[in-house]
Amino acid sequence: MLRTQRYDRFSPLNRKEGICDLKSFGELEKEQTQRESSFLSQLMGKTTMEGLVQTEADLTEQRNQALFSIAAEIEDTEDALNQAEQLVQRVKEHLEQLKGLQRVLSKQGSGKR
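The sequence shown begins at 1 in my numbering and counts up by one.
Incorrect hints may appear among the rest.
As the list claims (entries may be wrong) - The calculated label-pair distances, taken between Cβ atoms and stated as ranges, are:
| hint | residue 1 | residue 2 | range |
| --- | --- | --- | --- |
| 1 | V53 | Q83 | 53 to 61 Å |
| 2 | L40 | E85 | 54 to 62 Å |
| 3 | A66 | L40 | 24 to 32 Å |
| 4 | K92 | L52 | 58 to 66 Å |
| 5 | E36 | E56 | 23 to 31 Å |
| 6 | E75 | E31 | 56 to 64 Å |
| 7 | Q32 | T55 | 26 to 34 Å |
| 8 | L28 | L52 | 30 to 38 Å |
Treat the hints as calculated values from the structure; they're not laboratory data. Ideal Cβ positions, reconstructed from N, Cα and C, are used throughout, including at glycine.
Put together the whole structure using the sequences plus the hints.
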């Protein structure tokens, strides 16, 4: 019987009554806005000045840690770059030595003939 009553509520004969029970989009939107506003008010009410100060201190600490990490990374990268430049210089010097040896040996080899 309950099933029949539910069905009857939305039957074509009672459709008009069922539609009247539905809330408009505007009403639903207004209710949602009120719920969100109430929730935000509760959150703001729970937020104390001490909490805000602590949050600011935490954010400052995180910022300082990030800056320190970045500075350390910059220093490590500069050191690695300097080492790479020194290695390039040593390789160039070694290459010049090899070319010099090649020239000397080429001259000696051609002079014996």
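Comparing the hints with the structure gives:
no., hint, in the structure
1, V53 - Q83: 53 to 61 Å, "violated, 45 Å"
2, L40 - E85: 54 to 62 Å, "holds, 56 Å"
3, A66 - L40: 24 to 32 Å, "holds, 29 Å"
4, K92 - L52: 58 to 66 Å, "holds, 59 Å"
5, E36 - E56: 23 to 31 Å, "holds, 26 Å"
6, E75 - E31: 56 to 64 Å, "holds, 57 Å"
7, Q32 - T55: 26 to 34 Å, "holds, 28 Å"
8, L28 - L52: 30 to 38 Å, "holds, 34 Å"
Consistency with the previously given hints fails for number 1 only.
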